[in-house]
Amino acid sequence: MQLAHYLGLLHRAQQRLGDAFGQVGAAHREEPDVFHTCEKLAAQCRGHAEKLDPFARRYAEQAPTEPDRLHSELFSGTRTGPLGLLRDLQDLYLMAAECDICWTVVGQAAYGARDEELLSVVRSGEQETAIQLKWLRTRMKQAAPQALVVAE
Amino acid sequence: MVDRIADPWGPRTPYGPGERWPVRVDSFLADGHTEADVQRWVPSASILHSNGDAMDIAVIDDRIVGVRGRAGDRINHGRVDPKDLYGWQANHSPDRLRRPLVREGDRLVETDWDTAMGRIVARSKELLDGPGGWGHFGFYTSGQLFLEEYYTLSVIGKAGIGTPHMDGNTRLCTATAATALKASFGTDGQPGSYTDVDHCDAIALWGHNVAETQTVLWMRMLDRRRGPNPPAMLAVDPRATPVAREADVHLALRNGTNLALLNGLLRELIQHGWYDEKYVTAHTLGFDELCRVVEDYPVAKVAEICDLPARDIERAAELLGHSDRLLSTVLQGFYQSNQATAASCQVNNVHLIRGMIGRPGAGIYQMNGQPTAQNNRECGADGDLPGLRNWANEEHVAELARLWNVKVDTIPHWSPPTHAMQIFRYAEQGSVKLLWISATNPAVSLPDLARVRRILARPELFVVVQDLFLTETAELADVVLPAATWGEKTGTFTSVDRTVHISDKAVEPPGEARPDLDIFLDYARRMDFRDADGAPLIKWTGPESAFAAWQECSRGRPCDYTGITYERLRAGGIQWPCDDEHPDGTERLYSDSMFNTDPDYCESYGHDLATGAELLPEEYRAKQPGGRAFLHAVPYQPSPEVPSEEYPLLLTTGRTVYQFHTRTKTGRATQLVHAAPESWVELSPTDAERLGVGEGDLVRVESPRGAVRGRARICGVRPGVVFVPFHYGYWDAADGVAPGQGRHDRAANELTITAWDPVSKQPIFKVAAVRVVKEADSAGRPSPAPTVGGSAPPEGSGIPATVGGPAAESSSREA
Chain P
2 MQLAHYLGLL HRAQQRLGDA FGQVGAAHRE EPDVFHTCEK LAAQCRGHAE
52 KLDPFARRYA EQAPTEPDRL HSELFSGTRT GPLGLLRDLQ DLYLMAAECD
102 ICWTVVGQAA YGARDEELLS VVRSGEQETA IQLKWLRTRM KQAAPQALVV
152 AE
Chain Y
1209 MVDRIADPWG PRTPYGPGER WPVRVDSFLA DGHTEADVQR WVPSASILHS
1259 NGDAMDIAVI DDRIVGVRGR AGDRINHGRV DPKDLYGWQA NHSPDRLRRP
1309 LVREGDRLVE TDWDTAMGRI VARSKELLDG PGGWGHFGFY TSGQLFLEEY
1359 YTLSVIGKAG IGTPHMDGNT RLCTATAATA LKASFGTDGQ PGSYTDVDHC
1409 DAIALWGHNV AETQTVLWMR MLDRRRGPNP PAMLAVDPRA TPVAREADVH
1459 LALRNGTNLA LLNGLLRELI QHGWYDEKYV TAHTLGFDEL CRVVEDYPVA
1509 KVAEICDLPA RDIERAAELL GHSDRLLSTV LQGFYQSNQA TAASCQVNNV
1559 HLIRGMIGRP GAGIYQMNGQ PTAQNNRECG ADGDLPGLRN WANEEHVAEL
1609 ARLWNVKVDT IPHWSPPTHA MQIFRYAEQG SVKLLWISAT NPAVSLPDLA
1659 RVRRILARPE LFVVVQDLFL TETAELADVV LPAATWGEKT GTFTSVDRTV
1709 HISDKAVEPP GEARPDLDIF LDYARRMDFR DADGAPLIKW TGPESAFAAW
1759 QECSRGRPCD YTGITYERLR AGGIQWPCDD EHPDGTERLY SDSMFNTDPD
1809 YCESYGHDLA TGAELLPEEY RAKQPGGRAF LHAVPYQPSP EVPSEEYPLL
1859 LTTGRTVYQF HTRTKTGRAT QLVHAAPESW VELSPTDAER LGVGEGDLVR
1909 VESPRGAVRG RARICGVRPG VVFVPFHYGY WDAADGVAPG QGRHDRAANE
1959 LTITAWDPVS KQPIFKVAAV RVVKEADSAG RPSPAPTVGG SAPPEGSGIP
2009 ATVGGPAAES SSREA
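For the protein sequence lines, the chains are P and Y, in the order given.
Letter by letter, the first sequence follows residues 2 to 153 of the working numbering.
Letter by letter, the second sequence follows residues 1209 to 2023 of the working numbering.
Please note that the accuracy of each hint is not assured.
[Stated by the list, open to error] Pair by pair, the computed Cβ-Cβ distance ranges are: (1) 124(P) / 1854(Y): 36 to 44 angstroms; (2) 121(P) / 2005(Y): 54 to 62 angstroms; (3) 1508(Y) / 112(P): 37 to 45 angstroms; (4) 1602(Y) / 134(P): 20 to 28 angstroms; (5) 134(P) / 1846(Y): 18 to 26 angstroms; (6) 40(P) / 2004(Y): 41 to 49 angstroms; (7) 1829(Y) / 114(P): 32 to 40 angstroms; (8) 1506(Y) / 114(P): 31 to 39 angstroms; (9) 1500(Y) / 112(P): 20 to 28 angstroms.
[Claimed, not checked] Here's a subset of chain Y near chain P, in silico, CB distances under 7 angstroms, partners left out: (10) 1340; (11) 1623; (12) 1819; (13) 1848; (14) 1963.
Rather than coming from a laboratory, the hints here were simulated on the basis of the structure.
The structure presented is a predicted model; accordingly, all values stated were derived computationally and were not measured.
Even for Gly, the Cβ is constructed at its ideal location relative to N, Cα and C.
Using the sequences plus the hints, can you model the full thing?
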């Protein structure tokens, strides 16, 4: 059974997204809403990872060795300035999108595995990730015209 | 005669449930004048708080000599707030601005209107010339202009320049009220009526020190409390305000934990079955989710988070749960605190699940802090779309484009409107290059003042300030425009319970000062804004024609003004909507339990309350609201800044009954100045003892952003909390030096944090971490804090009482 690998992928994606939220927030402290929201969302992502822990362990026992090229590298550090903020939020958006589709995939597998406990973790996690994506889109929409057309 | 400084609320006129509130006519005439001397009485209403009390301005020889409450008005039945009794004297202050000023190097010099406007227009045209020119403009307005002025500025901004960067200081006072109303009921618009006080059997005041912020509303409540079958009263406030002292249950919770308390109270109501299942099923959406969220807030947990006795929380729930006609009022203790929108929505939820809305006594006032805040929201000079329209609804935007005869995409509907703190951030970064500030004083009222001063002083930023006086903000301006004020210009404005009043011109403004409306019209003319056919964009020329234009904009919307005329208003206030269907106005909204949530009619498609993420139109439609209200619920989260070892105390800021905002007017009326001359710092006896601080000692309050000094008042604020009034800036500071040069150690907002609610974007003034250090001994002199109101010392303290003496003697006559 390969479920462990996707759980591992989602688990690590959540951890990395949590770290990236933390870094982007800290890099843009001068935008207090970004800073404070990113801090909250960083904690939320770490919470997701923690909730996935027991399932990752449980399914790891039945898993073959991890395949190559499982994980993605979507974040390579923060930037500065209005354009940098937009790009950093876009990185977060892509990372959250990866988590979003992983929740879908893991959720499907949870049905197949008849694992209702996992399914309930997926259900709450995917809702929160969906909100993260919406927040990022909202904030980017707000920032884009000023950063791309108005600012020098 | 009554000394309304010593007794701001005047004599009681008790009455019972369902009875008419007795008339009591308050008046104050200066210089020994009597009513017989008065040559003209000019209709107006209060602009020194948000209650909308109607009054007549007394005029002798073209000079204002006093005011008298209007006996027949539906709001105040003749009563007048002490700020209004005495505050009009500021109109005559010798330091009123009489001529425009322009900056020459480091000085502001007097000039004529042509030169001042010429500079603004030249800079505007230069900035507009080029792609993205609209984005260099920011407008920061007020909650104290008139409807006609907001609407005109709104059209200039949205259809002339095409900028989304327009907001008001209403963002600091009332943004959460608007957001919570939209989120729960579909559009802005207060459901209740002030007459709900006459009918209710319980009043819950959520973070609302009404005794000091809307004294006339408090008089009405007190008169019910002193009459037969009085309403029960619940107060939620960390301070021992007059409201808290009067209440049957006072929850002095830890600042920033309102949502946890409300989640707990909702849980109690649901667990005890104190809700109306039929109403919930027929008229609301989201009850299951509400139950799921609040389930996690048992009383013991809430007691821990809020630091309250568990039994008090239960008593509060019983008070709410046993009421049949509950009246709730909400203000800054919720709006300027952590999770503002979510907590205010939970108050709406209390009413929705109990079916207590839209009938006499069962009302909600999501209050405003300022007299004309409601109009700024309606007219869209604050980030809302005029007529309570929906930015995300293409048809709503197209309606406005047709009304104004401009291209749809001229109106900046492509992204959320820019809120005040973000406008200042763009100015800080340099992309906003012209900031036009009217009738407000951000150099004292915004959070983290050191930063605000830095931004306003940036040489690259062209700052226009339109005001009555050379405020702390005006000192930093490039052009200062002298404005006319209340009594010197005509216009209309609307109270919390949707009552529209007219305020007529009584006298000429001083010197060359002009009405704000004339200034905006002049700017539009000089900028030559045109519509799609090449005709002038702004087609009106004065208050009444501006009002007519606004009526068309409001047609068919919840705030329909089409049945209101200036002539009708001169006879008394009228509640909107007032149209063909409701020719005499509308006392209560939602009396048919049909809410404004229809997707084609609503003002917002909603937000996630925890992050502010916008929800999509299709998601909203999929909920098929069908006239039902939304029950929103989210978990509690701690405020962005909580006490630490270094900063172990919690700061909250607020008002005294004697002052308004940054004292631009009330600081220039003798009686009010004497009553509350200087800032102070409130400490609880526990903290004072631990810090070795006694009454009147000079203390320094420090936060990570700055420090202020004040004389300590030891009083009833909850342990762990420090209160500083936010009124006091620098124009009359004791060291008497100009802003930017003196010590900045007086304004409470030196301490406050730059942070805001994710949905309403209202700054968090009520939660910041601070420490207190004693600097000097009192030398036997008590703190200058008034002995009336939240700063009242304990009984028997021996501190001389705040009185007004002969200069404050006014009349209160019962009918």
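Structure-based check of each hint:
| no. | hint | verdict |
| --- | --- | --- |
| 1 | 124(P) / 1854(Y): 36 to 44 angstroms | 41 angstroms, holds |
| 2 | 121(P) / 2005(Y): 54 to 62 angstroms | 59 angstroms, holds |
| 3 | 1508(Y) / 112(P): 37 to 45 angstroms | 38 angstroms, holds |
| 4 | 1602(Y) / 134(P): 20 to 28 angstroms | 23 angstroms, holds |
| 5 | 134(P) / 1846(Y): 18 to 26 angstroms | 25 angstroms, holds |
| 6 | 40(P) / 2004(Y): 41 to 49 angstroms | 47 angstroms, holds |
| 7 | 1829(Y) / 114(P): 32 to 40 angstroms | 35 angstroms, holds |
| 8 | 1506(Y) / 114(P): 31 to 39 angstroms | 34 angstroms, holds |
| 9 | 1500(Y) / 112(P): 20 to 28 angstroms | 23 angstroms, holds |
| 10 | 1340 | 4 angstroms, holds |
| 11 | 1623 | 5 angstroms, holds |
| 12 | 1819 | 4 angstroms, holds |
| 13 | 1848 | 5 angstroms, holds |
| 14 | 1963 | 5 angstroms, holds |
Figure legend: structure checked against the earlier numbered hints; every hint is met.
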